[in-house]
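Residue numbers (my numbering): -3 to 91.
There could be a bad hint or two in this list.
Simulated restraints on C-beta separations [said to hold, decoys possible]:
#, residue 1, residue 2, range
1, Met0, Glu50, 14 to 24 Å
2, Ala19, Leu57, 23 to 33 Å
3, Leu84, Val51, 17 to 27 Å
4, Lys90, Asp53, 30 to 40 Å
As a list, the in silico PhoX-like pairs of lysine-lysine whose alpha-carbon atoms are at most 20 Å apart [as the list claims (entries may be wrong)]:
#, residue 1, residue 2
5, Lys88, Lys18
6, Lys21, Lys90
7, Lys88, Lys21
8, Lys18, Lys90
9, Lys18, Lys91
Because the hints were derived from the structure by calculation, they are not lab data. For glycine and all other residues, C-beta sits at the position ideal for the given N, C-alpha and C.
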Amino acid sequence: MLFMIFGVIAIVATFINLYMYKAGKDYRLAMAIGLSFTALTLCSEYSLVSVWVEVEDWAALMDVVPGMERAMWFLTIVSILLNIAPILLERKGKK
-3 MLFMIFGVIA
7 IVATFINLYM
17 YKAGKDYRLA
27 MAIGLSFTAL
37 TLCSEYSLVS
47 VWVEVEDWAA
57 LMDVVPGMER
67 AMWFLTIVSI
77 LLNIAPILLE
87 RKGKK
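Could you put together the complete structure from these sequences and hints?
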């Protein structure tokens, strides 16, 4: 269940990123941590699926993977957008 730990860290780092931006502080490290832990979440989830394939747990694959795929796509896109939002807002504010 390492993906859950990585996912929670990614969410917390993303909110810290947004808070730091709102407070006018340097948010870049929090942004990098948020995006990095999003990537680690995806990798650890892929590792879990790999284990299920190795042990031929087809029931787990058929039950979890279809819903997991949609959730991973959605959450990854949201994570990317939230983490880069401060950069986009800064650029917009400079114009």
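**Item:** Hints the structure fails to honour
**Value:** As far as the earlier hints go, 2, 3, 4 are violated by this structure, in ascending order.
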